[in-house]
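J.: These are the residues of each chain, in order.
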Amino acid sequence: MTSPQIEIQLIAAIVAIACAIPGVFLVLRKMALISDAISHSILPGIVLGFFITHDLNSPLLILLAALSGVITVILVEAIQKTGLVKEDTAIGLVFPALFSIGVILIAKNANDVHLDVDAVLLGELAFAPFDRLLLGGIDMGPKSLWIMGIILVAIIALLLLFYKELKVSTFDIGLSSALGISPVIMHYGLMSVSSVTIVGAFDAVGAILVVALMIAPAATAYLLTSDLKKMLLLSVFIGVFSAIAGYWMANLLDASISGSMTTMLGIVFLGVYLFAPRKGLIAVLYRQKQQRTEVSLLTFLLHLNNHSEAEERHINHLQEHINWQRVRSRTVLNLALKNNMIEIQDDLVSLTDKGKEFTDLAIEYIITNKDEKIEPMKDDFFLFRG
Amino acid sequence: MTITEYFNLIWTDYTLRTITLGTAVLGAICGMLGSFAVLRKQSLLGDAISHAALPGIAIAFLITGAKDTNTLLLGALVSGLLGTFWIRGIINKTHLKTDTALGLILSLFFGFGMLLLTFIQKQPNANQAGLDKYLFGQAATLVESDVRLMVIVTGIALFVLLLFWKEFKILLFDADYTKTLGFNTKFIDVLITFFIVLAIVLGLQTVGVVLMSAMLLAPAAAARQWTNKLSTMIFLAAIFGAFSGVFGTAISASQNNLSTGPVIVLVAAVFVAVSFVFSPGRGLLFRQIRFQQNRRDLELQKTLQFMYGIAKTHEDISHPHAIRILNNFHGFTKKTLQKLEEKQWIILSGSQWSLTEEGFQKAKNLYNQSSSND
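Chains as they are written, first to last, in the working numbering: chain S, 26 to 411; chain V, 128 to 501.
These aren't lab readings, by the way, just hints derived from the structure by calculation. Careful, some of the hints might be misleading.
As the list claims (entries may be wrong) - Dumping the calculated SDA-like pairs for lysine to any residue here, alpha-carbon to alpha-carbon at most 20 Å: (1) Lys249/V <-> Asp279/S; (2) Lys192/S <-> Gln105/S; (3) Lys224/V <-> Arg54/S; (4) Lys403/S <-> Glu319/S; (5) Lys220/V <-> Asp279/S; (6) Lys106/S <-> Ile218/V; (7) Lys106/S <-> Pro407/V; (8) Lys224/V <-> Asp197/S; (9) Lys106/S <-> Phe405/V; (10) Lys314/S <-> Leu189/V; (11) Lys314/S <-> Asn219/V.
Make the full structure from the sequences, and use the hints.
T.: Okay, here's the thing in structure tokens:
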């Protein structure tokens with residue numbers, strides 16, 4: 026590995042961590058799309074800042090751009106407060122307008138300005154190592170490494186300082202106000218931090234892919250855990266992994282680094298979305314199928330309990346009577362047999378003692394409106410699941 | 128070129144006419160279908176879909192190697208639909224929320240699209256120049272066949288809209304009721320979503336991936352302010368959209384270095400801002416005026432009520448009293464006093480006021496009448 030390669034991966038990893046941490050809170054607060062809005066509407070701020078400083082990495086530019094990010098949030102909330110449109114419409118109205126202003130500003134000054142929209146939107150990590158920070162003639166490394174490094178340190182410091190406050194205000198706004206932690210300050214604090222991060226990162230990975238780096242690791246981690254600390258750690262890990270793996274994929278395909286980082290994030294998310302142990306698609310579908318069978322089982326047992334006459338309990342009549350398909354009735358019948366809930370004599374189905382006990386308890390819960398107790402009951406009876 | 132020149136040229140110049148017609152039709156169809164997106168609280172779905180369409184364009188190019196617009200748009204349509212249904216899958220089957228799902232699909236698909244685009248760029252046989260026009264849109268590349276396609280799609284959309292009008296409307300406002308009535312809600316839902324995706328894909332070439340969502344939203348959000356009736360709203364949104372298209376094209380054509388997409392979006396934003404402020408029913412301006420008028424009326428009635436309280440203790444209701452005894456707390460200002468006199472409820476003489484018979488009756492029935500007055 027050459028030294029620019031190491032530097033690029035270092036920058037990518039730092040950007041990934043810096044984005045993942047605020048991203049977790051945005052996802053948990055259901056404000057993921059605000060990051061999309063901010064990432065677009067910082068454009069006019071960047072352009073204005075660039076007119077003044079002529080340097081994409083100047084701190085003033087970052088501040089101006091972050092300010093326009095915060096203004097976006099304020100505008101969205103102001104529009105939302107009028108009650109004329111819903112929140113998502115407000116977001117969708119504000120950022121394209123601001124973005125358009127940015128595009129037009131660039132277009133009108135295309136001759137004087139060395140800045141184009143592609144660069145802002147898409148970024149190019151490969152060039153990052155060439156823009157170096159020189160201090161008194163000494164090469165201190167790439168500028169963006171320093172900028173993102175400082176932002177990352179600030180983010181981690183803020184996270185450690187305000188972890189408790191962030192946690193409370195994220196999960197229980199009422200409680201946090203009661204405890205004297207202002208949700209408004211927390212909200213705007215988080216928004217400012219997100220803005221600064223997005224602005225710092227847009228240069229490296231582009232405005233749209235910043236959104237991926239913020240949302241995807243957090244969403245992936247959220248599918249794997251319900252613990253805030255674990256979620257933070259996991260999303261940082263997923264972000265860094267995708268950043269490094271994405272870099273090598275880009276190397277292999279000779280394509281955009283930011284694009285392959287996002288694709289990597291997408292692949293990781295797809296994998297977790299499908300295979301996550303309890304919240305993944307396959308697990309959910311399996312559980313839904315299981316529950317459907319178990320509800321059928323309960324219906325079946327109740328039916329048996331209600332009828333003492335022979336014809337209602339004849340094995341061939343059950344199908345037409347409860348209106349089940351053949352496969353379904355066989356599954357349910359087998360499940361009941363396996364659980365020793367029923368016995369079959371001369372093609373007549375009847376409840377066993379265990380089945381009777383189970384059914385009575387279930388009826389008890391159903392008529393007293395305690396449906397939620399049926400689920401633990403299945404464990405109490407050591408039920409083989411559907 | 129000035130704007131007047133533009134409007135003269137529009138009848139003679141082929142390119143200008145095509146572009147103007149194209150943006151107008153696009154604005155109309157976006158406004159029409161955007162109304163549904165806004166009312167279904169899916170405003171940002173448009174943003175997600177337009178970004179999700181990018182890899183489809185790249186893959187269509189990779190497979191066919193052709194830059195034929197229709198092929199590329201077909202690819203965009205497929206990947207847009209794929210994105211939409213994945214969003215649904217995420218929302219329905221996991222505990223991730225709508226915003227996260229939208230943001231995820233938006234950024235992941237777009238990133239993948241960028242990967243493909245840069246990959247295509249590096250290919251030896253790449254005559255890919257022009258693919259990136261889908262990023263920001265170039266209205267200037269519209270040709271007659273594109274416009275024809277837009278008109279056809281708009282026609283079909285309009286036809287389907289009219290055909291399924293009652294179904295769309297009922298699903299929009301009461302999904303559960305629709306289900307109990309026995310309509311196939313899934314089918315209606317997919318149909319309307321399909322047309323929204325179609326409108327978005329059509330717009331990619333003109334306004335581009337990034338700004339497409341505003342095309343969809345802005346006319347509808349503006350139209351919403353003027354009416355509470357679905358048909359009127361859709362009609363208005365189509366008109367607003369078409370006008371944004373025409374004005375946007377006109378402004379951008381009359382200046383150098385102005386790309387059409389952003390200008391159209393800004394014109395649409397102006398429509399929204401004007402509607403927010405000036406619409407008679409919901410607008411901020413009239414709301415404020417109504418608010419102040421109500422407050423003035425209330426203060427007037429408060430003063431009258433206080434006067435009534437004093438006057439009824441006297442035998443002669445028109446017995447004069449000093450103005451001095453009224454104060455701010457009773458809603459009293461010089462203006463309210465004048466107003467009361469204008470209405471002939473009191474008579475002012477010097478620093479004294481006295482209630483008239485009419486004013487006395489009015490005050491007496493104030494609370495009985497107030498309900499019928501509204």
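J.: Among the hints numbered above, which are violated by the structure, and what are their numbers in rising order?
T.: 2, 5, 6, 10
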